[in-house]
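Enquirer: In case you want the letters, here they are:
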Amino acid sequence: AQSVAQPEDQVNVAEGNPLTVKCTYSVSGNPYLFWYVQYPNRGLQFLLKYITGDNLVKGSYGFEAEFNKSQTSFHLKKPSALVSDSALYFCAVAAGTASKLTFGTGTRLQVTL
Amino acid sequence: NAGVTQTPKFQVLKTGQSMTLQCAQDMNHEYMSWYRQDPGMGLRLIHYSVGAGITDQGEVPNGYNVSRSTTEDFPLRLLSAAPSQTSVYFCASSYGDRPHETQYFGPGTRLLVL
Numbered sequence: 520a521q522s523v524a525q526p527e528d529q530v531n532v533a534e535g536n537p538l539t540v541k542c543t544y545s546v547s548g549n550p551y552l553f554w555y556v557q558y559p560n561r562g563l564q565f566l567l568k569y570i571t572g573d574n575l576v577k578g579s580y581g582f583e584a585e586f587n588k589s590q591t592s593f594h595l596k597k598p599s600a601l602v603s604d605s606a607l608y609f610c611a612v613a614a615g616t617a618s619k620l621t622f623g624t625g626t627r628l629q630v631t632l
Numbered sequence: 020n021a022g023v024t025q026t027p028k029f030q031v032l033k034t035g036q037s038m039t040l041q042c043a044q045d046m047n048h049e050y051m052s053w054y055r056q057d058p059g060m061g062l063r064l065i066h067y068s069v070g071a072g073i074t075d076q077g078e079v080p081n082g083y084n085v086s087r088s089t090t091e092d093f094p095l096r097l098l099s100a101a102p103s104q105t106s107v108y109f110c111a112s113s114y115g116d117r118p119h120e121t122q123y124f125g126p127g128t129r130l131l132v133l
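Line by line, the protein sequences give chains A and B. The first sequence runs contiguously to residue 632 in my numbering. The second sequence runs contiguously to residue 133 in my numbering.
Treat the hints with care, as some may be off.
[Stated by the list, open to error] Derived coverage of chain A by chain B (criterion: at least 3 residues anywhere in the stretch with Cβ under 8 Å from a Cβ of chain B; other residues may be distant):
| hint | region |
| --- | --- |
| 1 | 589-601 |
| 2 | 613-620 |
[Stated by the list, open to error] Partner residues are not named here, just some residues of chain B that face chain A (Cβ under 7 Å, in silico):
| hint | residue |
| --- | --- |
| 3 | G61 |
| 4 | L62 |
| 5 | R117 |
| 6 | H119 |
| 7 | G127 |
Calculated from the structure, these hints are not laboratory results. Keep in mind the model is a prediction, meaning the values are calculated, not measured. C-beta atoms are modelled at their ideal positions from N, C-alpha and C, and glycine is treated no differently.
Could you put together the complete structure from these sequences and hints?
Expert: Here's what the structure looks like:
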């Protein structure tokens, strides 16, 4: 069975500082990894995904994520956080032949002035 | 494109009542799915469909029914609501049923069962 762990319930960072939101996964076979963001009372918005190739994936709003196969991780990063980045972030994984996504429990990012 | 739309936005039910959550997409996506979101548990897959006339169970299907008569619509039915079904429900769609496909989510339906 596939699974995703987001070890931090909340990450606090000051505006302008770099941010990292952690994600580790477990699957059989090659993983397909996704990051979604959820703003209050909204649906999930796609940020970026890793399929294959370059381990550093760039996505929307200046976010990027690094795939590390040996550590089974896919951490989300941004060089300079904005207050408007404050939201709930979900990591998800799919594998095999089907499109079933398994989500982590989410990490709340709080960016303060 | 409107993308993925869901109705209603919010609903209150009494235990034992039935209702249908509507989901529609205008992107001609073959794959559609329903998730529920509960605090501290992320999103869990309820049912999914790989095309019109084809549905299958996800991780937490009990208490829910689905059908897919058209490519555009994928309603979720609660036949006899229970307080444990209080949750936020999200519908999602993707072009195909492949693991690398990006799923696009609707705005959600918040359901309270008393």
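Enquirer: Now tell me if each hint is right for this structure.
Expert: Consistency of the hints with the structure:
no.: 1; hint: 589-601; result: violated (count 0)
no.: 2; hint: 613-620; result: holds (count 8)
no.: 3; hint: G61; result: 4 Å, holds
no.: 4; hint: L62; result: 4 Å, holds
no.: 5; hint: R117; result: 6 Å, holds
no.: 6; hint: H119; result: 5 Å, holds
no.: 7; hint: G127; result: 5 Å, holds
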